[in-house]
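This is what each chain is made of:
There are 2 protein chains.
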Amino acid sequence: MIKTIRYNKNTALDEIFPRSQFEYEDINKKVREIIEDVKANGDKALYKYSEMFDVKLESLTVSSEEIEEAYDRIDEEFKEVLLAAAGNIRKFHEKQVRNNFFTNGKDGVLLGQIINPIEKAGIYIPGGTASYPSTVLMNVIPAKIAGVEEIILVSPPNKEGSIEDSILAAAKIAGADRIFKIGGAQSIAALSYGTETIPKVYKITGPGNIYVAMAKKMVYGEVDIDMVAGPSEILVIADENAVPENVAADLLSQAEHDRLAASVLVTTSEEIAEKVKNELVKQLERLPREETAKESLKNNGRIIITETIDEAVKISNEIAPEHLELCVNDPFSILGKIKNAGSIFLGNNTPEALGDYFAGPNHTLPTSGTAKFSSPLSVDDFIKKSSVIYYTKEALEKVKDKIICFAEKEGLNAHAESVRIRFEGGKK
Amino acid sequence: MIKTIRYNKNTALDEIFPRSQFEYEDINKKVREIIEDVKANGDKALYKYSEMFDVKLESLTVSSEEIEEAYDRIDEEFKEVLLAAAGNIRKFHEKQVRNNFFTNGKDGVLLGQIINPIEKAGIYIPGGTASYPSTVLMNVIPAKIAGVEEIILVSPPNKEGSIEDSILAAAKIAGADRIFKIGGAQSIAALSYGTETIPKVYKITGPGNIYVAMAKKMVYGEVDIDMVAGPSEILVIADENAVPENVAADLLSQAEHDRLAASVLVTTSEEIAEKVKNELVKQLERLPREETAKESLKNNGRIIITETIDEAVKISNEIAPEHLELCVNDPFSILGKIKNAGSIFLGNNTPEALGDYFAGPNHTLPTSGTAKFSSPLSVDDFIKKSSVIYYTKEALEKVKDKIICFAEKEGLNAHAESVRIRFEGGKK
Chain A
849 MIKTIRYNKN TALDEIFPRS QFEYEDINKK VREIIEDVKA NGDKALYKYS EMFDVKLESL
909 TVSSEEIEEA YDRIDEEFKE VLLAAAGNIR KFHEKQVRNN FFTNGKDGVL LGQIINPIEK
969 AGIYIPGGTA SYPSTVLMNV IPAKIAGVEE IILVSPPNKE GSIEDSILAA AKIAGADRIF
1029 KIGGAQSIAA LSYGTETIPK VYKITGPGNI YVAMAKKMVY GEVDIDMVAG PSEILVIADE
1089 NAVPENVAAD LLSQAEHDRL AASVLVTTSE EIAEKVKNEL VKQLERLPRE ETAKESLKNN
1149 GRIIITETID EAVKISNEIA PEHLELCVND PFSILGKIKN AGSIFLGNNT PEALGDYFAG
1209 PNHTLPTSGT AKFSSPLSVD DFIKKSSVIY YTKEALEKVK DKIICFAEKE GLNAHAESVR
1269 IRFEGGKK
Chain B
849 MIKTIRYNKN TALDEIFPRS QFEYEDINKK VREIIEDVKA NGDKALYKYS EMFDVKLESL
909 TVSSEEIEEA YDRIDEEFKE VLLAAAGNIR KFHEKQVRNN FFTNGKDGVL LGQIINPIEK
969 AGIYIPGGTA SYPSTVLMNV IPAKIAGVEE IILVSPPNKE GSIEDSILAA AKIAGADRIF
1029 KIGGAQSIAA LSYGTETIPK VYKITGPGNI YVAMAKKMVY GEVDIDMVAG PSEILVIADE
1089 NAVPENVAAD LLSQAEHDRL AASVLVTTSE EIAEKVKNEL VKQLERLPRE ETAKESLKNN
1149 GRIIITETID EAVKISNEIA PEHLELCVND PFSILGKIKN AGSIFLGNNT PEALGDYFAG
1209 PNHTLPTSGT AKFSSPLSVD DFIKKSSVIY YTKEALEKVK DKIICFAEKE GLNAHAESVR
1269 IRFEGGKK
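Those protein sequences? They're chains A and B, same order as listed.
Position one of the first sequence corresponds to residue 849 (this note's numbering), numbered consecutively onward.
Position one of the second sequence corresponds to residue 849 (this note's numbering), numbered consecutively onward.
Some hints here could point you the wrong way.
You can't tell identical chains apart in this list, so a pair holds if it fits in one copy or across any two.
[As the list claims (entries may be wrong)] Taking lysine-lysine pairs in the DSS-like style, the calculated list, with each CA pair at most 27 Å apart, reads: (1) Lys851 - Lys1065; (2) Lys1065 - Lys1048; (3) Lys1257 - Lys992; (4) Lys1257 - Lys896; (5) Lys1246 - Lys1065; (6) Lys857 - Lys939; (7) Lys877 - Lys1241; (8) Lys1162 - Lys1185.
Honestly, the hints are just simulated from the structure, not real lab data.
One chain only, chain A, in its complex shape (with noise of 0.2 Å):
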């Protein structure tokens, strides 16, 4: 089951937590080959490998006829369920909304930064049992939200040719424009490149298995990507004030997504420590997804026990965890402690699964210790910047000899010589 291991100041962050890394390599030849023949081949390509891997297909597009009578299957409680979620989800993210700015300076200079949405974003949704429609809400409001003017799905076929009706629901209730019957590696190229059916986007998003995650990788460059995701983690630090039960509870619904997920528990109390680990393998057993939860804790699970809460602080800093909860008896104390981490829950009343479908923040977050440069998923992450430059003519001439003094120090005489010009014979 899983290690338990007791913290001093020499611990190599290695030894504690060793993470599991997806392995690339092999599949990089086939994931080539096939973006190659997508870019070539367009429509033609896409039909051939979905037969090969999904299904034979009449057509890539779903209609709207097809969004409609998926909608009108789900049931009225999911219904309102998907609902209540993405208006707490549209909520969150309108407060991530930026405005331009624009500042006056001396003799009529402006300088500002202005905001356009990416024009077209390809967001790529998979099937078969990590069909996720909360991932539907959480990759396709932030993009609705920032102004993107034709959002996007892709996603597998299953074996009837279509895609799952919790999908179709919620990207219609999050608001996708175009969705398209097309997975894997092809569907990343088709986003890319366009073909005579699926126009190019600007940026991709989503989760993908991993020929998905190698095709975002290569493509990238060509179109941005969100982040290669690695396997999912949680980190809770505990106190003696923790529920055994609930931290627990939580450690195991990290752990039942796969083999590679990792499930950490800091605490500052042996007994915690003690009584969580009998938790697990009590709750364990009520588990569906028992086998793949216990060979997670095995595998990449810990229980590190520290002698103070900054020492836990200092080891989660460290790891930079995808999610990390904070379980003890004042966790606004240490929130402002806590550097690198993806989404932060506080207190025992907030376990990570109302983040993962409800309270509102993206549940798209940095794997892989990436927290220390990364961020949610946000509206951010479908808009870009321009800056913006307006002189008069007074106030270029009062600089001018120093941008010409800095343009000839490098070397580069013709920038000097573009200011000097307009000073030149009365030019306006």
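Dock chain B against chain A, hints included.
This is chain B only, laid out in the frame that chain A set:
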């Protein structure tokens, strides 16, 4: 010389503006070897490559004495220019600083977004003829304003084993924390994995030659990078009010960078097209970098004549230029139609060189059409966000059934269980 094209609605963008691309493939293997070597052998590999490519070094570290001496050697006029430019850059980038936000909902719910600086950033500054102190200011200042704790600058040493005075002076003015004499792919590897002397950072920014660009692309994921820059570009939209001498000078200021640089004029006026062409010929003769500029104009320069300004804007939005000048009667009247551009220069008195050196906005801009999804380098590049979620027990109780419903629809029972368990047996 520069090609002139008459635009009509059926003209494909590829015909009017075929973009140059840097070629990476050949050097892929070499760069990978260097990265693996530095990862395995640390400083030893750095000294080896330094001797191989640059100069035999006694120490990788630039001492604080070296920095002070370099600063003292800078002439007073240039020192003042550097300080004035740094002041403007600082002032503009301070406007980009964002605040945390917290929202308070029903039943004590708090949701928020917290900004933290990236803790360590590495900045690459090229050596040799492309050694630009302006680049130091443009990269270090946003990192400093973001609150990066440790800003590490790397730059290849010259044959005397030192870094140019102007680079060191700019680094001091901008506030770099440590400076190392190392360049090329080996310096990117050192920043990504750390060596005995050089600390591992979480993000690397700054321009570089093809080896540096390739290395940045390879380490992306292990650390974050700013972008892989392509050739530099300017697009000028001009109506009959433009001043041909100014437009030609601005096109040349781009063309002098290198042979792949691209200068494009889109104009509604045949007369302006003709006059700019003549001016280019005339002004070229005066340039020290005449050969480079001439070849750049011949290969990648274009004059495109359109019927209307709206057509010109449409072409510009398709090209998504790094630098865009609006040399038209009322530039603000078309600013709102510009969707894709790195930096926008308005009117006849705002030459690109003003922005390259002095105005304040960043000169590190998206190239190769990536302005469709990327932004100028900014304070945003040196921060990351964390979401914060706090629910009270009463708040969770009201939504628990919805979360349980959602989780069970997705087949994630441990997620459902983690909510349910909080309301069993009176757990606090």
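Do the hints match the structure? See the list:
no.	hint	in the structure
1	Lys851 - Lys1065	neither (34 Å within a copy, 37 Å between copies)
2	Lys1065 - Lys1048	both (17 Å within a copy, 23 Å between copies)
3	Lys1257 - Lys992	between (47 Å within a copy, 25 Å between copies)
4	Lys1257 - Lys896	neither (59 Å within a copy, 32 Å between copies)
5	Lys1246 - Lys1065	neither (48 Å within a copy, 41 Å between copies)
6	Lys857 - Lys939	neither (43 Å within a copy, 42 Å between copies)
7	Lys877 - Lys1241	neither (57 Å within a copy, 51 Å between copies)
8	Lys1162 - Lys1185	within (9 Å within a copy, 48 Å between copies)
In this structure, the earlier hints numbered 1, 4, 5, 6 and 7 are contradicted, and the remaining ones agree with it.
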